Amino acid sequence: MLRTLTLLSAAILLSSCEQLFLKPEPGTAPSAIFDEAWTFVDREYAFFKYKGIDWNEVRSRYEPLISDGMSEEDLFDVLASMLYELRDGHVNLSSDFDISRNWTWYLNSPQNFNFTVLERGYFQEKEQYAGPFILYDFGDVGYMRYASFASTVTPADLDYVLEKFADRKGLIIDIRDNDGGSLANVNLIASRFTETEVTIGSWSFKSGPGHEDFTPLEDIVLEPAEGLLGVEPKRFTKPVVVLMNRSSYSAANFFPLYMKALPQVTLMGDTSGGGGGAPANTQLANGWVLRCSSSRLFDPQGFNVENGIPPDVRVDLDPADEAAFRDTMLELALFTLRR
Amino acid sequence: MAWALLALLPLGPLTAQSDSTRKAERTAAREARQSAREAYRMQKTRYLVLETAPLHYGVAQDQRMMQSTYRGLGTMVRMGHYSITPKGVHDVDWLLTRFSVMFGPELDALMINSFNEFSYTYLRNVRMLGAWQLRLGGTGSLLGNLRVAPALANSSINLDVIASAAAAGSLERYFTLLKRETSFSYQLQVPVFSYVGRRPAYGLSGFGGLASYAAPIGRFTRVVSEAGLTRPLGRSEDNAWRVAYSWDFYAFRELRIHHLRVANHALSLALLIRF
Chain A
1 MLRTLTLLSA AILLSSCEQL FLKPEPGTAP SAIFDEAWTF VDREYAFFKY
51 KGIDWNEVRS RYEPLISDGM SEEDLFDVLA SMLYELRDGH VNLSSDFDIS
101 RNWTWYLNSP QNFNFTVLER GYFQEKEQYA GPFILYDFGD VGYMRYASFA
151 STVTPADLDY VLEKFADRKG LIIDIRDNDG GSLANVNLIA SRFTETEVTI
201 GSWSFKSGPG HEDFTPLEDI VLEPAEGLLG VEPKRFTKPV VVLMNRSSYS
251 AANFFPLYMK ALPQVTLMGD TSGGGGGAPA NTQLANGWVL RCSSSRLFDP
301 QGFNVENGIP PDVRVDLDPA DEAAFRDTML ELALFTLRR
Chain B
1 MAWALLALLP LGPLTAQSDS TRKAERTAAR EARQSAREAY RMQKTRYLVL
51 ETAPLHYGVA QDQRMMQSTY RGLGTMVRMG HYSITPKGVH DVDWLLTRFS
101 VMFGPELDAL MINSFNEFSY TYLRNVRMLG AWQLRLGGTG SLLGNLRVAP
151 ALANSSINLD VIASAAAAGS LERYFTLLKR ETSFSYQLQV PVFSYVGRRP
201 AYGLSGFGGL ASYAAPIGRF TRVVSEAGLT RPLGRSEDNA WRVAYSWDFY
251 AFRELRIHHL RVANHALSLA LLIRF
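First to last, the protein sequences are chains A and B.
Residue numbers are given in the working numbering: position 79 of the first sequence equals residue 79, and the series is strictly consecutive.
Residue numbers are given in the working numbering: position 69 of the second sequence equals residue 69, and the series is strictly consecutive.
It is possible that some hints are incorrect.
Partner residues aside, some chain A positions facing chain B, computed with beta carbon under 10 angstroms [as the list claims (entries may be wrong)]: (1) E25; (2) Q283; (3) V315.
Listed next, the stretches of chain A that the computed footprint assigns to chain B, with coverage defined by at least 3 CB atoms under 8 angstroms from CB atoms of chain B [stated by the list, open to error]: (4) 118 to 124; (5) 270 to 282.
Hints were generated in silico from the structure; no laboratory data involved.
None of the values given here were measured: they were computed from a predicted structure.
Ideal placement from N, C-alpha and C gives every residue a C-beta, glycine not left out.
Start from the sequences and build out the full structure, keeping to the hints where you can.
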């Protein structure tokens, strides 16, 4: 009996030894947090070479600014400045009191979107709010605004929109000021505009700690939407114009990549905002969340779309038009589809 | 032709006799096999196992998701089929859920951990070590471990899918405790080859799939250790109950970048229903 109990105790003790395998708990001193943040980016970030950034050199400039007696806000500011060097909208440090960011990709460009112009110059309370979409019927052309890829889209939403505009000459999809969201929504919408499989580009992911450690390029294929229970989904294969501006970012950068591979689609407006790298997030030991781009995205010609996708037709909002509640981009889209 | 017929004539009765002998031998052999199987079945004890750990303790250190170690409590439910034969034991186990809510050192950071596994273990009686029955064998298992940390936005969902072939061993002895026959057993499983799949960090639903790696021993480490006491239930000699302490730990290093360590401790109570 004693031997049995001894063995039982030994088994329990031997079974609780994960502490031997766990990494030591990371420190929360400013120098430790700095090291964690720098190291995570060093291993995960996808665009050091593409952007010509020497991350070790960046460290050598910012590390001396760290002292263990500094305040949380000061530490945050140093880290935010260091991360700003990456010039990337998908690189953010989030704390309880602030979010570090780089928004120069659109702040240095014309806004090219004014919802008031749409509301007063066109909609005049005749627009329709269908699920995540704002719809407006120009009679011969349909208009569909999607303000965020984070807003859930259902097959029924798409069936409704595409049925409503089935007889129109063309469709305008307005993704200006859409700052991204879910790629599943990108795929769901784009799949309604093709009847065949289309390779829209390729991507690769970080596969190791080296700055150029990536998985082999993998094709991204857009497949036509499939019906449910034998009911064919509504599709639209007539001409489509996608309106975009520099604030069309992340998932709203993927969407024009998908759509430009389709023969009936024209991209119009400004270059999209970019954000081709899917972000990876981690939580630092002090609770702050850090994210950075960790994949690369290319169009079928091998063009890296990290900094945006140029439009087929470049057009800005004309201030005179804007003052008269006319949307220059929308007018050109209507003209193009009515020809 | 005539020679052939002549040759066959005297052999007719002999062949018939030989056929009937062989038939009788075959029948006898079949009956012997059937009775051996029947005897084996009679000696085989089969249980339906219903097990729960109302409270278990989990630890996760997933450096892709967070730099700190997360710890928390949860519950576990398992069912299985356990059979004892004269040659060894078979154990089919279905871990329906081992669910825990974990927190980092900053208690506002939450992670939900859900672990499911299906496994089959066969342990063959090898020898007696004094009063201890030594059994050796193997385990095949498929597990899925889902960790969700809402703070990590599009990286919040992490899933490991691991198929393993493990070496397994156990020690068991019977003794009398409070006038009833009781058994104490200790079992250890260590995978020798695994296939590890991990969902990419980006939370891209439908994109990227699982990144997967063949992981021989050393690249993927897992130890499943369980010590338990089994006793008859009430006055019944058929049914039994078991109280067990188990420790399940696994670790691997993803893409040479991130360390992942997951450990669980459970004090469980099982009902073994004989059928």
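So, going through the hints one by one against the coordinates:
| no. | hint | verdict |
| --- | --- | --- |
| 1 | E25 | 6 angstroms, holds |
| 2 | Q283 | 4 angstroms, holds |
| 3 | V315 | 32 angstroms, violated |
| 4 | 118 to 124 | violated (count 0) |
| 5 | 270 to 282 | holds (count 5) |
Of the numbered hints stated above, those contradicted by the structure are hints 3 and 4, listed in ascending order.
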